[in-house]
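Asker: If you want the building blocks of each chain, they are given just below.
Protein chains: 2
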Amino acid sequence: MKPYADLTKAQQQAELVALQEQYQQIKARGLSLNMARGKPSSEQLDIVNGMLTTLSAGSDCYDGKLDVRNYGELMGIPSARALFADILDTVPEKIMVGGSASLQLMFDLISKAYTHGLLHSPTPWAKLDTVKFLCPAPGYDRHFTVSSTFGMELVYVPMTENGPDMDKVEELVQDPTVKGIWCVPKYSNPDGIIYSKDTIERFIHLQPAAPDFTIMWDNAYCIHEVIGDYVPFPDILSLAAQAGTEDMFYEFASTSKITFPGAGISCMAASVDNIQYIQRILSAQIISYDKVNQLRHVKYLKDKAHTLELMQEHAKVLGPKFQAVLDALDREIAPLNIATWRRPKGGYFVSFYAMPGTAKRIFALCKEAGLVMTNAGATYPYGKDPADSNLRIAPSYPPLQDLQQAMEIFCLCTKIAALEKLLG
Amino acid sequence: MKPYADLTKAQQQAELVALQEQYQQIKARGLSLNMARGKPSSEQLDIVNGMLTTLSAGSDCYDGKLDVRNYGELMGIPSARALFADILDTVPEKIMVGGSASLQLMFDLISKAYTHGLLHSPTPWAKLDTVKFLCPAPGYDRHFTVSSTFGMELVYVPMTENGPDMDKVEELVQDPTVKGIWCVPKYSNPDGIIYSKDTIERFIHLQPAAPDFTIMWDNAYCIHEVIGDYVPFPDILSLAAQAGTEDMFYEFASTSKITFPGAGISCMAASVDNIQYIQRILSAQIISYDKVNQLRHVKYLKDKAHTLELMQEHAKVLGPKFQAVLDALDREIAPLNIATWRRPKGGYFVSFYAMPGTAKRIFALCKEAGLVMTNAGATYPYGKDPADSNLRIAPSYPPLQDLQQAMEIFCLCTKIAALEKLLG
Chain A
-5 MKPYADLTKA
5 QQQAELVALQ
15 EQYQQIKARG
25 LSLNMARGKP
35 SSEQLDIVNG
45 MLTTLSAGSD
55 CYDGKLDVRN
65 YGELMGIPSA
75 RALFADILDT
85 VPEKIMVGGS
95 ASLQLMFDLI
105 SKAYTHGLLH
115 SPTPWAKLDT
125 VKFLCPAPGY
135 DRHFTVSSTF
145 GMELVYVPMT
155 ENGPDMDKVE
165 ELVQDPTVKG
175 IWCVPKYSNP
185 DGIIYSKDTI
195 ERFIHLQPAA
205 PDFTIMWDNA
215 YCIHEVIGDY
225 VPFPDILSLA
235 AQAGTEDMFY
245 EFASTSKITF
255 PGAGISCMAA
265 SVDNIQYIQR
275 ILSAQIISYD
285 KVNQLRHVKY
295 LKDKAHTLEL
305 MQEHAKVLGP
315 KFQAVLDALD
325 REIAPLNIAT
335 WRRPKGGYFV
345 SFYAMPGTAK
355 RIFALCKEAG
365 LVMTNAGATY
375 PYGKDPADSN
385 LRIAPSYPPL
395 QDLQQAMEIF
405 CLCTKIAALE
415 KLLG
Chain B
-5 MKPYADLTKA
5 QQQAELVALQ
15 EQYQQIKARG
25 LSLNMARGKP
35 SSEQLDIVNG
45 MLTTLSAGSD
55 CYDGKLDVRN
65 YGELMGIPSA
75 RALFADILDT
85 VPEKIMVGGS
95 ASLQLMFDLI
105 SKAYTHGLLH
115 SPTPWAKLDT
125 VKFLCPAPGY
135 DRHFTVSSTF
145 GMELVYVPMT
155 ENGPDMDKVE
165 ELVQDPTVKG
175 IWCVPKYSNP
185 DGIIYSKDTI
195 ERFIHLQPAA
205 PDFTIMWDNA
215 YCIHEVIGDY
225 VPFPDILSLA
235 AQAGTEDMFY
245 EFASTSKITF
255 PGAGISCMAA
265 SVDNIQYIQR
275 ILSAQIISYD
285 KVNQLRHVKY
295 LKDKAHTLEL
305 MQEHAKVLGP
315 KFQAVLDALD
325 REIAPLNIAT
335 WRRPKGGYFV
345 SFYAMPGTAK
355 RIFALCKEAG
365 LVMTNAGATY
375 PYGKDPADSN
385 LRIAPSYPPL
395 QDLQQAMEIF
405 CLCTKIAALE
415 KLLG
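Listed in order, the protein sequences are those of chains A and B.
The working numbering numbers the first residue of the first sequence as -5 and each following residue consecutively.
The working numbering numbers the first residue of the second sequence as -5 and each following residue consecutively.
Worth double-checking, as some hints may not be accurate.
Which copy is meant is left open, so a pair is good if it fits within one copy or across any two.
[What the hints assert, rightly or not] Listed below are the simulated SDA-like cross-link pairs for lysine to any residue, each with C-alpha atoms no more than 25 Å apart in a straight line:
(1) K310 <-> A51
(2) K59 <-> I41
(3) K3 <-> L417
(4) K121 <-> T171
(5) K415 <-> P(-3)
(6) K121 <-> Y271
(7) K378 <-> R274
(8) K121 <-> P205
(9) K121 <-> I275
(10) K354 <-> A278
(11) K310 <-> Y65
(12) K33 <-> Q273
(13) K126 <-> N156
(14) K296 <-> I332
(15) K59 <-> V366
(16) K33 <-> D54
(17) K121 <-> A278
(18) K126 <-> I275
(19) K296 <-> A51
(20) K339 <-> E402
(21) K3 <-> Q14
(22) K59 <-> V311
(23) K361 <-> Y65
(24) K361 <-> Q16
(25) K296 <-> T47
(26) K3 <-> G66
(27) K293 <-> A79
(28) K378 <-> I275
(29) K3 <-> P350
(30) K59 <-> A30
Note that these hints are calculated values from the structure, not bench results.
Build out the structure end to end from the sequences listed, making use of the hints.
Answerer: Shown next, in the form of structure tokens:
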């Protein structure tokens, strides 16, 4: 098949009719498929069932002399702080261990910025008329939702293949009402981009007007390679410390895609001053997060090296799924020259750029045929993709066979939407 | 021994000298004892070690068709909502299940009141110049700390033997800047008082000026009898619903003193409208709390009847400790007429009223002799007991023998402080 744009109108029309016929046949099957969320599959959950029996007697429940079954140890048990420090290449004093969701730690940090102010805040953000936050896009919809729920103004920053457009970032942070930025530095959601050395360099030397500028460094996929070997990534805190900007950075990670997504442990890593500041407020909020589950994770995951071995087991399940998505796109879409996509080596998504002006249409066509995708536009601030082009493909949850069927539908809908657009 | 006040000055002086000698001997022992916090003992933790093995295979991890290992089910798994509904005599639709700490749910509710406003808030509290909160005292220091950390003005309401002084409460709520009240309705912390029928009646008919007046109904000891049978307590939500005031009440409970204090589950119970309102904000904060631990609790605790049986096992450990405290006070202090104390049937504390003006001195003397007590004044707003009289005794954590030793020191210090005061 030739690129669609090279076909005559009559050829395009004939192709569209043929595809519409296929579409009707697929619709008639009454399928129910889902590529919407970065949700691990049952097969992945079964890999880590050993978690359930790691602690089985009271005598197992000690972290050194600390009985993890009882109250106390606000910032997390020592061994869990050490485990996250190992994974993130930092030190335990810079780690606070949380509950089952790093999203909650992020929400809570922003919430504290509003109610109490952060370490260098001249005033709590709730007292300000305008709070703006930079949203590199396409990005993670739940990040943008946190900002929205607090009434922030979301400022769009385009993503490049090296990370956020740093010219734009450096320009925007001159505005003192710009209070921070959302980042997924490794295997960015959804593009799967690893921030370049230069991008990181510019981040640690950023000179924002706001003294409490807050870099939400969500390292969600820090050890989440899907294809190929582990890719080391620099510890942002020590780099920033050298540049004198460590207090700007709040790093987040969790075991959500390492053990059980609904029942893992999470962490925030930050400068010792930041950790101590947060600890003071946190002491009014909670006596401790679930330390039994922290110890369960430490005993099961052991250390970074052992955790990386486990991640390879996940990759054995995920890799073929990512490959199936790429194979379908290479086979069905590439020759038509109607879309581009990333080829990530890790993370949970394949980011797809359809012909501008067709993403919403593809989403709707998929939905009608029984395939749920992440909302078109969800990866942009306010849910509005200026080009109406990006779609986030999440291959992890469906079994491989369902995924192949889902990609068949997705490619078909992409073609139909492109032809409709070309025929105008 | 006669009441101290009936002794001559010379007799008082002689007694003080004798006691000071005893005190020096005890100090020389270099003890390290603690009656500061309502912390279950190791013996209690061992009662519930069966928790650890309740779920041991992937196939155990289903609540109906729901795989609790994966993402989702924001408000808690159905069976856990049902369990808390059973315990609190309400319905699952009014229950939201949280993580390991009900304190966190309380903090978060207040935090949301500040950043978003509650269901009937004309404006988020962060936008107001003054927010006042009623603090019946003696009360729970951590409640008051939540209010303090958000910069509220804490308003002292005296406790009576029937609960908070409701004449005072009814008067104070005429002020529209008074936004709520802290309550521990059953076995109040520290007095161990059960709010009377009349108190509850007046609460549900309260007509505060603030449309978003918030009653923090911390039912921390809902099934926590220490001496004697389970005492039923009315479901505040259905009573308030009949009075048309259900939206004022936010009830909290947890398994902190049922299973593992550091690793239990918690809940908020509120009107369906309140639950739905909170759910909207919560959906930006978390994907779900730890559902594996929720299911672990459901399988272990089963239902209210079975949970009450477990609470009797805790009572077998706690009852003798409470009795030891009361026995020591009855024997050592009662004849001297220098203090009074409550005789609670449940909860975690014995509330002690020393001769006015001596509580801080008793605390200091205890500390010097190696016995840590809850700070004198901690049970009052701003840590200031107007009478400098109340001390909270927490008998749960030390082994019985340590507790007896601790009470020996406590009684001795109480006597010394009283004599010092009388000799003025």
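Asker: Does each hint hold? Answer for all of them.
Answerer: Outcome of the hint check:
1. K310 <-> A51: between (33 Å within a copy, 22 Å between copies)
2. K59 <-> I41: The answer is between: 20 Å across copies meets 25 Å, while 31 Å in one copy does not.
3. K3 <-> L417: Cα proximity of K3 and L417: one copy only (7 Å, versus 108 Å across).
4. K121 <-> T171: Close inside one copy (12 Å) and across copies (18 Å); limit 25 Å.
5. K415 <-> P(-3): within (14 Å within a copy, 97 Å between copies)
6. K121 <-> Y271: Intra 20 Å, inter 24 Å, cutoff 25 Å: intra and inter.
7. K378 <-> R274: Answer is between; shortest inter-copy Cα gap is 21 Å, intra-copy 38 Å.
8. K121 <-> P205: Both ways: K121 and P205 sit 16 Å apart in one copy and 22 Å across, limit 25 Å.
9. K121 <-> I275: both (18 Å within a copy, 20 Å between copies)
10. K354 <-> A278: between (45 Å within a copy, 23 Å between copies)
11. K310 <-> Y65: Classified as between; 21 Å across copies, 39 Å inside a copy.
12. K33 <-> Q273: between (31 Å within a copy, 21 Å between copies)
13. K126 <-> N156: This pair counts as within: shortest intra-copy Cα distance 23 Å, inter-copy 50 Å.
14. K296 <-> I332: neither (47 Å within a copy, 57 Å between copies)
15. K59 <-> V366: For K59 and V366, only the inter-copy Cα distance (20 Å) is at most 25 Å; the intra-copy one is 50 Å.
16. K33 <-> D54: between (31 Å within a copy, 20 Å between copies)
17. K121 <-> A278: Classified as both; 21 Å inside a copy, 21 Å across copies.
18. K126 <-> I275: Close inside one copy (24 Å) and across copies (20 Å); limit 25 Å.
19. K296 <-> A51: Classified as both: same-chain Cα gap 19 Å, cross-chain 21 Å, threshold 25 Å.
20. K339 <-> E402: within (22 Å within a copy, 67 Å between copies)
21. K3 <-> Q14: Within one copy only: 16 Å inside a chain, 106 Å across chains, cut-off 25 Å.
22. K59 <-> V311: between (39 Å within a copy, 23 Å between copies)
23. K361 <-> Y65: The answer is between: 22 Å across copies meets 25 Å, while 48 Å in one copy does not.
24. K361 <-> Q16: within (15 Å within a copy, 82 Å between copies)
25. K296 <-> T47: both (15 Å within a copy, 21 Å between copies)
26. K3 <-> G66: Classified as neither: same-chain Cα gap 71 Å, cross-chain 47 Å, threshold 25 Å.
27. K293 <-> A79: within (15 Å within a copy, 34 Å between copies)
28. K378 <-> I275: between (36 Å within a copy, 21 Å between copies)
29. K3 <-> P350: within (19 Å within a copy, 96 Å between copies)
30. K59 <-> A30: Answer is between; shortest inter-copy Cα gap is 20 Å, intra-copy 45 Å.
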